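Guided by the hints, dock chain B with the ligands onto chain A, whose structure is given.
Protein chains in written order, with my numbering: chain A, 91 to 267; chain B, 91 to 267.
The hints are simulated quantities; they were obtained by calculation from the structure and are not laboratory data.
Owing to the predicted nature of the structure, the values given are computational and were not obtained by experimental measurement.
Careful: at least some of the hints might be erroneous.
Because identical chains share one entry, a pair is satisfied inside a single copy or across any pair of copies.
[As the list claims (entries may be wrong)] Calculated pairs, SDA-like style, for lysine to any residue (alpha carbon to alpha carbon, straight line, at most 25 Å):
{"hint": "1", "residue 1": "Lys127", "residue 2": "Ala195"}
{"hint": "2", "residue 1": "Lys173", "residue 2": "Asp107"}
{"hint": "3", "residue 1": "Lys120", "residue 2": "Glu229"}
{"hint": "4", "residue 1": "Lys126", "residue 2": "Pro255"}
{"hint": "5", "residue 1": "Lys238", "residue 2": "Ser142"}
{"hint": "6", "residue 1": "Lys173", "residue 2": "Pro128"}
{"hint": "7", "residue 1": "Lys127", "residue 2": "Tyr116"}
Protein chains: 2
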Amino acid sequence: SSLPSTHNGNRGMRLEDDINESIAYYRREKLAVIHKKPTPVQIVNVDYPARSRAKITEAYFRQASTTDYNGVYRGCYLDFEAKETRQKQSFPFKNFHEHQLQHLADVDEQQGCAFLILRFAESDEIFVMKASVFVQLKERSERKSLQKQVIAENSIAVPSGFIPPIDFLPAVDRLFY
Amino acid sequence: SSLPSTHNGNRGMRLEDDINESIAYYRREKLAVIHKKPTPVQIVNVDYPARSRAKITEAYFRQASTTDYNGVYRGCYLDFEAKETRQKQSFPFKNFHEHQLQHLADVDEQQGCAFLILRFAESDEIFVMKASVFVQLKERSERKSLQKQVIAENSIAVPSGFIPPIDFLPAVDRLFY
Ligand SMILES: [Mg+2]
Ligand SMILES: [Mg+2]
Numbered sequence: 091s092s093l094p095s096t097h098n099g100n101r102g103m104r105l106e107d108d109i110n111e112s113i114a115y116y117r118r119e120k121l122a123v124i125h126k127k128p129t130p131v132q133i134v135n136v137d138y139p140a141r142s143r144a145k146i147t148e149a150y151f152r153q154a155s156t157t158d159y160n161g162v163y164r165g166c167y168l169d170f171e172a173k174e175t176r177q178k179q180s181f182p183f184k185n186f187h188e189h190q191l192q193h194l195a196d197v198d199e200q201q202g203c204a205f206l207i208l209r210f211a212e213s214d215e216i217f218v219m220k221a222s223v224f225v226q227l228k229e230r231s232e233r234k235s236l237q238k239q240v241i242a243e244n245s246i247a248v249p250s251g252f253i254p255p256i257d258f259l260p261a262v263d264r265l266f267y
Numbered sequence: 091s092s093l094p095s096t097h098n099g100n101r102g103m104r105l106e107d108d109i110n111e112s113i114a115y116y117r118r119e120k121l122a123v124i125h126k127k128p129t130p131v132q133i134v135n136v137d138y139p140a141r142s143r144a145k146i147t148e149a150y151f152r153q154a155s156t157t158d159y160n161g162v163y164r165g166c167y168l169d170f171e172a173k174e175t176r177q178k179q180s181f182p183f184k185n186f187h188e189h190q191l192q193h194l195a196d197v198d199e200q201q202g203c204a205f206l207i208l209r210f211a212e213s214d215e216i217f218v219m220k221a222s223v224f225v226q227l228k229e230r231s232e233r234k235s236l237q238k239q240v241i242a243e244n245s246i247a248v249p250s251g252f253i254p255p256i257d258f259l260p261a262v263d264r265l266f267y
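Same shape as in the complex, but just chain A (with noise of 0.2 Å):
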C-alpha cells in the first residue's frame, strides 16, 4: 500500500492512477470486479463532535499484509501488486516487500492468479509477470535487481493506452488460461 497520491507527487510515477482507472473501467464494462484495497490505517483517536461526524485525530500508517488490488475475472481470483521504478535498466528487488511475495505465494497455492504489474517510469514500458516466475528469478538471481531485458522474456508487455490506461486482462489470459 502507499500514502494518497498527494503525497506522492513524482512526475511520471502515475502507475496507480493508471491501474485504479483501468479497474474502474473494468467494472463499468462488467469485464472484471477489481478493487484497490484501502490504505491500512491503525486508529488511536476518534473524536466525535456533536452535530458533525467522527473526526480521526490520531492514526498511523500500517504495513499492508496483502497487496494492492484483488478481485474476480471470469470465475478465476485474481491478485496483483503494481510497482514501478525509474531505473531504466532494471527493476529493483528492494520494491517488492517479503510479506507481499508471501502473499502472493499463498494465493498461487490456492489456485488463484498471482502476478504483478511493472512499470519502467522513463520508456513508459508495462509488463505482467507471474508472481510465481518473479520469484524464481528472484531467488536464482545474485543481484540486487531485475535487468529489463529478463523481465521483457518473462512476461507479457502490455501497451499504454487510453481507455483503459493499462488494459491488462489480456496478458492475464494467455499467462493464466
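Same frame as chain A, but now just chain B with the ligands:
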C-alpha cells in the same frame, strides 16, 4: 466496513472477531486465503515529525465501496459480508447497504462465490446464505426484515465452534460446488 471493535463494545456482538480468527486459522492451515479489508479512511492531514513516523492528524471514515471480506478458496473467488443482529426473530434489511448488495451481485455475475454470514447474537445462531438468494427474498418481501424461519430454510446453519470459531467453508462447499 465498521469501526474498530473498541468503538463497538456491545456484549455478544462478536461476529467480526470470530470471523477474523477463523480466516487466520484458514490461512495458517492453508485451507483458504481470505483477508478482511482495511477500514476505508479519507486522510486529510499528515504530520511528519522529525525522527518519528508519519502521524495522521485529521481523517474521516469513508463509506466502503465493497464488502469487508474477500479471498481465494480452491481456485474460487469468495466475497462476503458478515452481519449480526440483536433481534430475536428476524434480520433487519437496513443492516445491508445497497452498494454492498450491488457489489455482491457484480461478483456473482463474474462467477465468484458471493454470500452473507448472518448471526443472531442472542441465540448465537449463524447462517451462510448465497447473496443472490438474499436479494431475491428481500425483493419479494413486504416487511422490513427477513424472518429467521425463512433464513433457516434458505441457507446453511453453521454451528459456533472453538477452532475455528465459525467454520463456514463447508457451507461454501455445499452452496457453490
Ligand atoms: Mg503498491
Ligand atoms: Mg461489515
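Okay, the hints, checked on the actual structure:
| no. | hint | result |
| --- | --- | --- |
| 1 | Lys127 <-> Ala195 | both (19 Å within a copy, 19 Å between copies) |
| 2 | Lys173 <-> Asp107 | within (12 Å within a copy, 33 Å between copies) |
| 3 | Lys120 <-> Glu229 | between (38 Å within a copy, 23 Å between copies) |
| 4 | Lys126 <-> Pro255 | within (16 Å within a copy, 29 Å between copies) |
| 5 | Lys238 <-> Ser142 | neither (52 Å within a copy, 36 Å between copies) |
| 6 | Lys173 <-> Pro128 | both (17 Å within a copy, 20 Å between copies) |
| 7 | Lys127 <-> Tyr116 | both (16 Å within a copy, 21 Å between copies) |
Comparing the model with each numbered hint stated earlier shows that hint 5 is the single one that does not hold.
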